[in-house]
Amino acid sequence: MRWNTFFAAMLCVALSACATYTAVDPNKPVTIGDGVTVDAQVAWATTSSYQTGTVWTIDGLRLNSLRFLTGITPGNPMMTIPGLARKDMIPYSESMLPNDVMDLVTGTLAKGGFQQVRGDNLKPAPFGSVPGFRFDVSLTTEDGLLMKGTSLIAQRGGKLDVILFLAPAEYYYDRSLPTVERIFASVRVPATAAAKAPGA
Amino acid sequence: MNLVWRATAALATALIACTAIPVHAAGQLDVPPPVGYRPALNTAEGGLWAIMDKVEDQIKVSPALVTDEALNTYVHKVVCELAGEQCSSLRLYIVDDPDSNAMTAPNGMVIVWTGLLLRTQNEAELAFVLGHEITHYLKRHSVLNFEHATNAAGTVAFLSTATLGLAALPAALIAIGGIASYSRDQEREADEGGFKLVVGKGYDPRQGATFMANTAEEEDANPKRRKPSAYLSSHPATKERLATLTKRAGEIEAQTRNNLVATDEYRAAISPHRAAWLEEDFNRGDYLQSVAMVKQLVKAEPGSAELQYFLGEAYRRRNAKGDLESATAAYQAAIAAMDAPNAAYRGLGLAALKSGQKDVARGAFQKYLSLEPDAKDRAIVEYYLTTVGGTP
Numbered sequence: 001m002r003w004n005t006f007f008a009a010m011l012c013v014a015l016s017a018c019a020t021y022t023a024v025d026p027n028k029p030v031t032i033g034d035g036v037t038v039d040a041q042v043a044w045a046t047t048s049s050y051q052t053g054t055v056w057t058i059d060g061l062r063l064n065s066l067r068f069l070t071g072i073t074p075g076n077p078m079m080t081i082p083g084l085a086r087k088d089m090i091p092y093s094e095s096m097l098p099n100d101v102m103d104l105v106t107g108t109l110a111k112g113g114f115q116q117v118r119g120d121n122l123k124p125a126p127f128g129s130v131p132g133f134r135f136d137v138s139l140t141t142e143d144g145l146l147m148k149g150t151s152l153i154a155q156r157g158g159k160l161d162v163i164l165f166l167a168p169a170e171y172y173y174d175r176s177l178p179t180v181e182r183i184f185a186s187v188r189v190p191a192t193a194a195a196k197a198p199g200a
Numbered sequence: 201m202n203l204v205w206r207a208t209a210a211l212a213t214a215l216i217a218c219t220a221i222p223v224h225a226a227g228q229l230d231v232p233p234p235v236g237y238r239p240a241l242n243t244a245e246g247g248l249w250a251i252m253d254k255v256e257d258q259i260k261v262s263p264a265l266v267t268d269e270a271l272n273t274y275v276h277k278v279v280c281e282l283a284g285e286q287c288s289s290l291r292l293y294i295v296d297d298p299d300s301n302a303m304t305a306p307n308g309m310v311i312v313w314t315g316l317l318l319r320t321q322n323e324a325e326l327a328f329v330l331g332h333e334i335t336h337y338l339k340r341h342s343v344l345n346f347e348h349a350t351n352a353a354g355t356v357a358f359l360s361t362a363t364l365g366l367a368a369l370p371a372a373l374i375a376i377g378g379i380a381s382y383s384r385d386q387e388r389e390a391d392e393g394g395f396k397l398v399v400g401k402g403y404d405p406r407q408g409a410t411f412m413a414n415t416a417e418e419e420d421a422n423p424k425r426r427k428p429s430a431y432l433s434s435h436p437a438t439k440e441r442l443a444t445l446t447k448r449a450g451e452i453e454a455q456t457r458n459n460l461v462a463t464d465e466y467r468a469a470i471s472p473h474r475a476a477w478l479e480e481d482f483n484r485g486d487y488l489q490s491v492a493m494v495k496q497l498v499k500a501e502p503g504s505a506e507l508q509y510f511l512g513e514a515y516r517r518r519n520a521k522g523d524l525e526s527a528t529a530a531y532q533a534a535i536a537a538m539d540a541p542n543a544a545y546r547g548l549g550l551a552a553l554k555s556g557q558k559d560v561a562r563g564a565f566q567k568y569l570s571l572e573p574d575a576k577d578r579a580i581v582e583y584y585l586t587t588v589g590g591t592p
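The listed protein sequences correspond, in order, to chains A and B.
Quick note on numbering: this note's numbering labels position 40 of the first sequence as 40, and the sequence is numbered without any gaps.
So the number in this note's numbering is just where the residue sits in the second sequence, counting from 1, plus 200.
Derived by calculation from the structure, the hints in this document are not laboratory data.
Note that the Cβ used here is the ideal one computed from N, Cα and C, for glycine as well.
Be a bit skeptical, because a hint or two may be false.
If you only want the chain B side, here are some residues facing chain A, beta carbon under 8 angstroms, derived [said to hold, decoys possible]: (1) Ser262; (2) Asn519; (3) Lys576.
Computed Cβ-Cβ distance ranges for the label pairs, DEER-style [unchecked claim]: (4) A/Asp25 - B/Glu269: 51 to 59 angstroms; (5) A/Asp143 - B/Pro423: 27 to 35 angstroms; (6) B/Lys576 - A/Ala185: 20 to 28 angstroms; (7) A/Asn121 - B/Arg388: 44 to 52 angstroms; (8) A/Ala191 - B/Lys558: 23 to 31 angstroms; (9) A/Arg182 - B/Pro592: 27 to 35 angstroms; (10) B/Ala250 - A/Pro26: 46 to 54 angstroms.
From just these sequences and the hints, can you work out the full model?
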């Protein structure tokens, strides 16, 4: 059995319980990292670590999470997972097409302990002023809760930016999706950042 | 603390404080449990069954439980053919999990992972695995292990392993894993017992060794892997098992003409689910093993357009040196076969796009969109088309 994922999940719970949260001001632009700026729209709580990037939540990480993983360089995984070595993660490659990036995201979520992870509805979408793409995900948590998610992604200057929203399919996803859509639409990146068009 | 935890803690406390509790009711663990057997609740074995019953309750309501009637009926038929009169004591649960594994619990639960059904290539191979697991049940290995955990600390550790977070199916499966942590001698005994069950039903005695060889080959494909598969983790060295099974098959072959493999029946049972299981396997991101596994499936069924398509997908996702060429060849083989999945054209387009073969990519994407005009990913494929100078 997957003891590693069990312990990873336990560790995640422990870490999230101990993490320090600060309030996100909904009335000011928020610069996340690697030049990505968004408007929060509503009051979120935020925490961040070098392992999991910046994470926002309204009701708690198990009920909604908006994860910003920016500036991922080639050869590195999207995020690290407690209990899993880097060699066991899927690395990003600059040559990846949007389909490959969708596989990278879903595969990383599966390695994090989620089950029945599926990506769907892959389509081009602007990431601020640069071309990007987005797709939806569905998955089941270790304790059987059905979750839905949506993501906005860009490949800029050889690096990968991922914004990923996850919430339980029942109630929480639909409730916060309009807010998340407005956040996606508010993304701004520096004009100088060299963007790679999907498939280019 | 939930009720299960409270019950477990109470049971553990009782075991520590009251070592006079008989471990099992009948006192005969060297014979198979009688049909309809149920230990008295005031025995430790009865407590163990009670815990397993709780686990079973969780599995019954888990969203990961595969409820497809035809598939359950087919696998249940194989279980019952092997178990004979014990069939009525066994209850089958197929769980949607890409790991290759199967287990029996002391209370008669038989759990089969979809990852196993994806990998066994015929009924005889599946029968080998099920025969092995049924032998664990008939030999009452988990109850014997429980009996040996009679010192207080050992018992508490055993129960803790068996009841970690029973609210969740994966945790419930971990619980079964704790119960089904057998010694290597027990695994050897299960191999031999399973072998006899399989041979007794007329199955080809060589298929067990074939499954073992394929499992080992898949694992060897990933030198960075952290642990053996769930199915091999507690078992004797694979080479030893292979040698033993091959030797036993040779002995039996000389005495019998067993040749039941039942490949067609097996494929008919799993074919409605195989594509979804392959996707789930790929989504684990262990592409080294996925390529090896799909190559084995293609080797056994080279004319399958579906398998050629998924071989292409496995190569494309692994993306090692030479993989784009291998992916392209597999997609083309799929397209050349009858009943090619439309997605094979998309896969070919993606591989060609990454290889810089714009003409091939353009033609493949256009074909895909003509076959799948309402494809959910139409917008991104149209975008890919624009990058190679094409229009839908």
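To see whether the hints hold, each was checked on the structure:
{"no.": "1", "hint": "Ser262", "verdict": "holds (6 angstroms)"}
{"no.": "2", "hint": "Asn519", "verdict": "holds (7 angstroms)"}
{"no.": "3", "hint": "Lys576", "verdict": "holds (5 angstroms)"}
{"no.": "4", "hint": "A/Asp25 - B/Glu269: 51 to 59 angstroms", "verdict": "holds (55 angstroms)"}
{"no.": "5", "hint": "A/Asp143 - B/Pro423: 27 to 35 angstroms", "verdict": "holds (33 angstroms)"}
{"no.": "6", "hint": "B/Lys576 - A/Ala185: 20 to 28 angstroms", "verdict": "holds (22 angstroms)"}
{"no.": "7", "hint": "A/Asn121 - B/Arg388: 44 to 52 angstroms", "verdict": "holds (50 angstroms)"}
{"no.": "8", "hint": "A/Ala191 - B/Lys558: 23 to 31 angstroms", "verdict": "holds (30 angstroms)"}
{"no.": "9", "hint": "A/Arg182 - B/Pro592: 27 to 35 angstroms", "verdict": "holds (31 angstroms)"}
{"no.": "10", "hint": "B/Ala250 - A/Pro26: 46 to 54 angstroms", "verdict": "holds (52 angstroms)"}
Violated hints for the displayed structure: none, as all numbered hints are satisfied.
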